[in-house]
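Visitor: One letter stands for each residue in the lines below.
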Amino acid sequence: MEALTHLSDIIIPILIFYVVGYGMVSGVKVYETFLKGAKDGLRVVVDILPTLIGLMMAVGVLRASGFFELLGTLLQPLTNVLRVPSQIIPLLIVKMFSSSAATGLVLDIFKNMGPDSYVGMITSLLMSCTETIFYTMSVYFLAAKVTKTRYTLTGALLSTLVGTVMSILLAANIVK
Amino acid sequence: MLNFIWAFMILLGVIYAACTGRMSEVTNGALDSAGEAISLCITMAGVMALWMGLMEIAKEAGLIEKLTKAITPFLNFMFPRIPKGHKAREYIATNIIANVLGLGWACTPAGLKAMEALAELEKERGKPGQIASNEMCTFLILNISSLQLIPVNMIAYRSQYGSANPAGIIAPAIFATLCSTIAAIVYCKIKDGGHR
Numbered sequence: 001m002e003a004l005t006h007l008s009d010i011i012i013p014i015l016i017f018y019v020v021g022y023g024m025v026s027g028v029k030v031y032e033t034f035l036k037g038a039k040d041g042l043r044v045v046v047d048i049l050p051t052l053i054g055l056m057m058a059v060g061v062l063r064a065s066g067f068f069e070l071l072g073t074l075l076q077p078l079t080n081v082l083r084v085p086s087q088i089i090p091l092l093i094v095k096m097f098s099s100s101a102a103t104g105l106v107l108d109i110f111k112n113m114g115p116d117s118y119v120g121m122i123t124s125l126l127m128s129c130t131e132t133i134f135y136t137m138s139v140y141f142l143a144a145k146v147t148k149t150r151y152t153l154t155g156a157l158l159s160t161l162v163g164t165v166m167s168i169l170l171a172a173n174i175v176k
Numbered sequence: 001m002l003n004f005i006w007a008f009m010i011l012l013g014v015i016y017a018a019c020t021g022r023m024s025e026v027t028n029g030a031l032d033s034a035g036e037a038i039s040l041c042i043t044m045a046g047v048m049a050l051w052m053g054l055m056e057i058a059k060e061a062g063l064i065e066k067l068t069k070a071i072t073p074f075l076n077f078m079f080p081r082i083p084k085g086h087k088a089r090e091y092i093a094t095n096i097i098a099n100v101l102g103l104g105w106a107c108t109p110a111g112l113k114a115m116e117a118l119a120e121l122e123k124e125r126g127k128p129g130q131i132a133s134n135e136m137c138t139f140l141i142l143n144i145s146s147l148q149l150i151p152v153n154m155i156a157y158r159s160q161y162g163s164a165n166p167a168g169i170i171a172p173a174i175f176a177t178l179c180s181t182i183a184a185i186v187y188c189k190i191k192d193g194g195h196r
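Taken in sequence, the protein lines are chains A and B.
Our numbering puts the first residue of the first sequence at 1, with every later residue one more than the last.
Our numbering puts the first residue of the second sequence at 1, with every later residue one more than the last.
For the record, the hints were derived by calculation from the structure and aren't laboratory data.
Remember, it's a predicted structure, so these values are computed and weren't measured experimentally.
Warning: the hint list may mix true and false statements.
What the hints assert, rightly or not - Once the Cα atoms are required to be at most 25 Å apart in a straight line, the calculated DSS-like pairs of lysine-lysine come out as:
(1) A/K29 with A/K39
(2) A/K148 with B/K69
(3) B/K66 with A/K148
(4) B/K191 with A/K145
(5) B/K59 with B/K123
(6) B/K66 with A/K29
(7) B/K59 with A/K39
(8) B/K113 with B/K191
(9) B/K59 with A/K29
(10) B/K87 with B/K123
(11) B/K127 with A/K145
(12) A/K148 with B/K123
(13) B/K66 with B/K127
(14) B/K123 with B/K113
(15) B/K84 with B/K191
(16) B/K69 with B/K189
(17) A/K145 with B/K113
(18) B/K84 with B/K69
(19) B/K66 with A/K36
(20) B/K84 with B/K123
(21) A/K148 with B/K113
(22) B/K113 with A/K29
(23) B/K59 with A/K145
(24) B/K113 with B/K189
(25) B/K84 with B/K66
(26) B/K87 with A/K145
(27) B/K127 with A/K148
(28) B/K59 with A/K36
(29) B/K69 with B/K113
(30) B/K113 with B/K59
Chain B with its partners taken away, still in its complex shape:
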């Protein structure tokens, strides 16, 4: 996907510049942007190191494990038909908490494991095949609705480009995320009501 988008942007840019006679601007644009990426990363390095350092403490202190357990009622509500003790539950919980805390590196592996476990669950139910189960749909819609509470990356980008209050978006972002997630939950519950 990205191969296509990336190539498309560059080819389109150069062709359009050739048509409008802005080739020298494109030369500068390409070189400046590459340099800018480096200075952006320096700002990001600070924010990311701070965040990941804190999260490492949270992990060592057992806070993350505690959070993962704490969302069991939520899992029971969203995924009532996954049997208790099924490993899909554990992976889903890990994925959700990693999402909430913005631990991108931990989301995807747990998410993929969760999908595999859900596929096995379908087999156990005697419905193997290439059709998504209700649980898979719910899990993915939740993931796409974004669960992240503190948008660490956005804060870093904002501070790099001179925002007066980079962290000022936290509360409105939480509010917007809540709305999109609630919409996702309601939609999934309605759809899940009609069993497959």
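In isolation and in its complexed conformation, chain A is listed as follows:
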């Protein structure tokens, strides 16, 4: 785990160094280009702002109503058997349908449990190593006008399962 943490520390500086260095050597006006990209990045954030407000509001309402406590109690038997924190199950389910709705839950977990807690760490990794299954399938297959999706769903579920198990194992090792 030490090595993994160390690797995390150096990746971003190396990446910045490499991209800027490569850009300079290739004769790119690096600073101006950076500014142009940064502007696009800001636009991306402005575009997702309404989505975030809508979803955080919805999760906020659910949280304040006490529903998550009820859900946690209801899921207790299941989470005891699987040995996962109860917050993870709703996240896993929502994540299959919509990644932005899942983001709402993620932020709620970070806020209440902290991003460095066991649950927070599982969440961070889980969101980094899986994608939305049903959303991706419906949008992409619509483009190809396909209705029979054959083994796509089982493959997607399998890889999500592997990602989930890995996230839980890694998080348990990082957060002692």
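Fit chain B to the supplied structure of chain A, relying on the hints for placement.
Guide: Leaving out everything else, chain B in the frame of chain A:
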């Protein structure tokens, strides 16, 4: 999909709060969350601007194009039956690289183009219809297995909520992503072995 989920969360929340007598908490919860979304976006704006700025340099310097070419062997391995020079290859490569670099805006258009091109390929093969080809299944499973190397969004969210080391998840996340992607690759190769 999202219409349904969103409405469901809000309606459920309000009804449950009415039952448990927590309506005033819900009022505060709704208002606070909306404000919180704004402060989150301010943190995200910095991280996203930094990342997209870097990626713009990478694009201008031809790095992204180079990466797209560099994954040709991987494409040959995953999609052996797409003819060389078919445009589906180009779109798939662009989509995969955009995924790896976390350029969300570039993934979906290239991905959709790739699916259309794969549908045309099926027509050329004389198998038009509504059945997914092996290539389509592989391409989608790869996409869903997540290929992103640096989870930029997660880092931003973590730093907003006071993580001691927001970027500390990069290496374990890469490891977890590798595992889910390898599982996807193995599964696709096994399934693809039995030709349609």
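Visitor: A separate judgement is required for each hint: does it hold in the structure or not?
Guide: Hint-by-hint comparison with the structure:
no., hint, verdict
1, A/K29 with A/K39, "holds, 16 Å"
2, A/K148 with B/K69, "violated, 32 Å"
3, B/K66 with A/K148, "violated, 35 Å"
4, B/K191 with A/K145, "holds, 22 Å"
5, B/K59 with B/K123, "violated, 34 Å"
6, B/K66 with A/K29, "holds, 19 Å"
7, B/K59 with A/K39, "holds, 15 Å"
8, B/K113 with B/K191, "holds, 24 Å"
9, B/K59 with A/K29, "holds, 12 Å"
10, B/K87 with B/K123, "holds, 14 Å"
11, B/K127 with A/K145, "holds, 13 Å"
12, A/K148 with B/K123, "holds, 16 Å"
13, B/K66 with B/K127, "violated, 34 Å"
14, B/K123 with B/K113, "holds, 15 Å"
15, B/K84 with B/K191, "holds, 22 Å"
16, B/K69 with B/K189, "holds, 22 Å"
17, A/K145 with B/K113, "holds, 12 Å"
18, B/K84 with B/K69, "holds, 13 Å"
19, B/K66 with A/K36, "holds, 21 Å"
20, B/K84 with B/K123, "holds, 17 Å"
21, A/K148 with B/K113, "holds, 19 Å"
22, B/K113 with A/K29, "violated, 31 Å"
23, B/K59 with A/K145, "violated, 32 Å"
24, B/K113 with B/K189, "holds, 23 Å"
25, B/K84 with B/K66, "holds, 18 Å"
26, B/K87 with A/K145, "holds, 18 Å"
27, B/K127 with A/K148, "holds, 13 Å"
28, B/K59 with A/K36, "holds, 12 Å"
29, B/K69 with B/K113, "holds, 18 Å"
30, B/K113 with B/K59, "holds, 20 Å"
Of the numbered hints given earlier, the model fails hints 2, 3, 5, 13, 22 and 23; all others are met.
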